[in-house]
Every structure is written in C-alpha cells, then in structure tokens.
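Let the hints inform the model, and build the full structure from the sequences given.
Chains as they are written, first to last, in our numbering: chain A, 1040 to 1156; chain B, 18 to 125.
In case anyone wonders, no lab produced these hints; they're calculated from the structure.
Some hints could be false.
Subject to a maximum C-alpha distance of 20 Å in a straight line, what follows is the list of computed EDC-like cross-link-like pairs (lysine to aspartate or glutamate) [to be verified]:
| hint | chain 1 | residue 1 | chain 2 | residue 2 |
| --- | --- | --- | --- | --- |
| 1 | B | K112 | B | E22 |
| 2 | B | K72 | B | E34 |
| 3 | B | K112 | A | E1111 |
| 4 | B | K112 | A | E1107 |
| 5 | A | K1083 | B | E22 |
| 6 | A | K1083 | A | D1125 |
| 7 | B | K112 | A | D1095 |
| 8 | B | K72 | B | D98 |
| 9 | A | K1110 | A | D1125 |
| 10 | A | K1101 | A | E1079 |
| 11 | A | K1083 | A | E1096 |
| 12 | A | K1110 | A | E1096 |
| 13 | B | K85 | B | E34 |
| 14 | B | K85 | B | D98 |
| 15 | B | K112 | A | E1096 |
| 16 | A | K1090 | A | E1111 |
| 17 | A | K1083 | B | E84 |
| 18 | A | K1066 | A | E1107 |
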Amino acid sequence: NAGVMQNPRHLVRRRGQEARLRCSPMKGHSHVYWYRQLPEEGLKFMVYLQKENIIDESGMPKERFSAEFPKEGPSILRIQQVVRGDSAAYFCASSPPGRPYGFYGYTFGSGTRLTVV
Amino acid sequence: KNEVEQSPQNLTAQEGEFITINCSYSVGISALHWLQQHPGGGIVSLFMLSSGKKKHGRLIATINIQEKHSSLHITASHPRDSAVYICAPNFGNEKLTFGTGTRLTIIP
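Take a look at the structure:
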C-alpha cells in the first residue's frame, strides 16, 4: 500500500519558468493538502483540495500559484514565472474521507525540493 | 490568535538519555499531531492525540487539554532519533498550525 507519492523529488527551474509539482494521495484518501517549507522556517499551509474542488486556498499566494485535484490523476501544484523566493520544500499530505485536516490521521509525502536559479 | 510554541528549539543529548520535547498552544484545539522530519527528508506523522497518552515503541506522547500543553518523550534515545520534531495542533478552524520544531541531536 503505497503512501503519498510526490514527484519530482528535486526540481531546478530558471527564473521565469513554470514549476509543476505532483502528488498522488494514499489509496483511499480523499483529502489533499499542500504545505510549503521555506529554508529555516516552519511548515505553512497552502491549500486543501478534494476531487475537482478547492476547499480552502487561504494560504496560497494571490498570484502565480494554482492547485488542482482532477477527477483522474494526481493533484498538481503549479507555480508560474518562478522567482528565487519560491525556492522551498513543498510537501503534500492526504487524509481519509470524513473530517478533514488529519483528524483521522495524516500521511505526508517526501516532498519536492524546488530550487530556482 | 492561534499560536504554538515548542521548547527547546535545539536539544543535544547522549545516547540512552530520556528526551522530553514540550509544546504549548494558545487556545482550544480538537487534536494535536507530532511529526518527525529528518534532514533533507520527508515528514512522518508520529502521533495524533485528542486526549491522554499514546505510546509507540520508545516514543510516548501526552496531552493535557486543560493546561494546553503536550509533550513528546523518547526513552533510551538513539542516534537514529536525531531529527526535527514538530508539534501541530488542529485549532478551531481545524487547519494544522505548525510549531517551529525542536532539532534533536543524539550523540553516540
């Protein structure tokens, strides 16, 4: 039973390029969350999604960032026109159906480390 | 305001020592998570607590809802326990708020 799968593990982008980060939730999980960890800082909530729905995107920067969780396939976090300040580790987590935000447990992915050069 | 504080920020101990990491939070919560993060690695969920105490191997987590305080204990610590330990309460809006973490180093 595979856990939360994130890819790529490491991603290098030049300033102005687009970054696409993928997350496949754990089998049977219906809630997906994205978190960002800036260097030497704690984890910060970005967005919470269910299939085909963005439930809470209050932590997403207003511009250049978007997220989706389509009916088929992984959840995607997309960053357009990346800047150096976007360099961070991006973690995805998933939780079972029912009460959200990990009340019935969280499983985290290994993260994608984005470096903008 | 939803706030969480961890102490200590850094902790170095000898192998075999009993370790305690503390977490205090400002307002009522529905649950609290303890997470482990190895350098450059992923995040592992260790415990989710809403009351009392949980034990898994050498790890013990306790929570006192009235005092708004949780502790993570490690018995017979080992160098492989070296990691950052993060406390994350579910506040009223149920989103996780993450502490800044405790960096634990166990010396052989």
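With a cut-off of 20 Å on the C-alpha distance, tell me whether A:K1066 and A:E1107 pass.
18 Å, holds
Keeping to a limit of 20 Å between CA atoms, is the pair of A:K1110 and A:E1096 held or broken?
Roughly 19 Å separates the two Cα atoms, so the pair holds.
B:K72 and B:E34: Cα distance at most 20 Å?
Given pair B:K72, B:E34 holds - Cα atoms ~18 Å apart, limit 20 Å.
Does the structure keep B:K112 and A:E1111 at a Cα separation of 20 Å or less?
26 Å, violated
With the threshold set at 20 Å, check whether the alpha-carbon distance from A:K1083 to B:E22 stays at or below it.
15 Å, holds
Would you mind confirming whether the straight-line C-alpha gap from B:K72 to B:D98 stays at or under 20 Å?
16 Å, holds
B:K85 and B:E34: Cα distance at most 20 Å?
26 Å, violated
Please verify whether B:K112 and A:E1096 have alpha carbons no more than 20 Å apart.
12 Å, holds
Would you check the hint for A:K1090 and A:E1111, treating anything up to 20 Å between C-alpha atoms as holding?
Holds. A:K1090 to A:E1111 sits at ~8 Å (cutoff 20 Å).
Pair hint outcome, B:K112 versus B:E22 [Cα-Cα no greater than 20 Å]
The given pair, whose Cα atoms are some 16 Å apart, holds under the 20 Å limit.
Within 20 Å, alpha carbon to alpha carbon, are A:K1101 and A:E1079?
23 Å, violated
Given the hint that A:K1110 pairs with A:D1125, test it: the Cα-Cα distance must not exceed 20 Å.
28 Å, violated
Hint compliance for this structure: hints 3, 9, 10, 13, 14, 17 are not met, and every other hint is.
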